[in-house]
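There are 2 protein chains.
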Amino acid sequence: MSELKFQISISLDGFAAGPNQSEEHPLGEGGEQLHEWVVKLAAWREPHGKEGGEVNASTEIFEEALDNVGATVMGRNMFGGGPGPGGEEPWRGWWGDDPPFHTPVFVLTHHEREPLEMQGGTTFHFVTDGIESALAQAKEAAEGKDVSLGGGASVAQQYLAAGLVDEMWLNVAPVLLGDGARLFEGVGAGVKLEQLRAIEGPDATHLKYRVLS
Amino acid sequence: MSELKFQISISLDGFAAGPNQSEEHPLGEGGEQLHEWVVKLAAWREPHGKEGGEVNASTEIFEEALDNVGATVMGRNMFGGGPGPGGEEPWRGWWGDDPPFHTPVFVLTHHEREPLEMQGGTTFHFVTDGIESALAQAKEAAEGKDVSLGGGASVAQQYLAAGLVDEMWLNVAPVLLGDGARLFEGVGAGVKLEQLRAIEGPDATHLKYRVLS
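Residue numbers (my numbering), protein chains in the order written: chain A, 12 to 224; chain B, 12 to 224.
Some clues are possibly wrong.
As the list makes no split between identical chains, a pair holds if one copy fits it or if it spans any two.
[As the list claims (entries may be wrong)] Here are the simulated DSS-like pairs of lysine-lysine, each with C-alpha atoms no more than 25 Å apart in a straight line:
(1) Lys-219 x Lys-51
(2) Lys-203 x Lys-51
(3) Lys-219 x Lys-156
(4) Lys-51 x Lys-61
What the hints contain is simulated information worked out from the structure, not anything from laboratory work.
Full structure from sequences and hints, please.
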């Protein structure tokens, strides 16, 4: 059965992004520290067009995220709410001509537009009628494979609070941000978890849970 | 050199105690779930006068807490702000005649009183002039061994925020409390951590950090 799974990097004090998110700081101030563990990995660098990188205990986490994924859901900012780092025009997102998803991607937005077909199997579909609709469309498109929740933090929060997440990997970076977007803000005490795995990477600890209710 | 170390159990959403702490719920509502991993352990049960229990991957965490400890600091509630579970008179704390510390214990309180000598090497000293004084007295008493911070959550928070903690084990229970006492509340972005270890226990994941600044 198609499940909704996601991975997200958080600080030890629970923030998925730092304070004062802006075009200059899409991850908020200090937020880039949450992702240091992943940008070092050869497994991340290769699909992002970068050379080199490490293979370490965190590699399997990153690879598992791509495993058995038939569709992706993400927020508008994740698609490319601001200008991309390479100077691409904003309306094609900031993922370049050949985005690393290679699946249909359902982008939550308030603005209707036609689907945008990219190279390599990625097509962006724009969904204006909410998270449940986006998930239903993604599950349909996934044809029995899983749906990956791409982020950002507020989208992950919304799916968690709605009880729609099945599994999650939390990549806990050894940093305190003190302020910003809390992953579990508004996700109440009603959510029960099953601890599935824990892996110590060199630059983050990876905790995997199944959301039971 | 004498260091300040502590262990604390927190929920995945960062709470060291649930909401509405009271005499009936000293750990707040739902807070007892944070400690399920430890009360199962034979290593915990034996010094608390209980039979049976498990030996599992979490055992070494609990045992390490007692290792090389020459003195203990704790808050007044931890000493026994309310009636003890065994019906002991409150003024002798709720740890029984032979408390499991076997060291000098410095209790943060607003009420001066004489030291209270118990069986087994535990003497409670009552400190009214703040956390730095309590730590200085504990380090003196520890004679080169480490000082263990016994809790509760608000005391751990105060020592963290003051930058006085050297090492900590966070025992992360697979539960969301949604509300309560956040361990890292008010502990700002200035605190840098070094990730030392991660251990997957059956009922909690244990994360060890050194506080660098």
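Verification of the hints:
1. In the homo-oligomer, the alpha carbons of Lys-219 and Lys-51 lie at most 25 Å apart both inside one protomer (21 Å) and across protomers (22 Å), since each shortest distance falls under that limit.
2. In this homomeric assembly, Lys-203 and Lys-51 come within 25 Å of each other (Cα to Cα) only across copies, at 20 Å, whereas the closest approach inside a single copy is 33 Å.
3. Taking the closest pair of Cα atoms, Lys-219 and Lys-156 come within 25 Å of each other only inside a single copy of the chain (19 Å); across copies the shortest separation is 36 Å, beyond that limit.
4. In the homo-oligomer, the alpha carbons of Lys-51 and Lys-61 lie at most 25 Å apart inside one protomer (10 Å), although the nearest pairing across protomers, at 48 Å, exceeds that limit.
When held up to the earlier numbered hints, the structure conflicts with none and fits them all.
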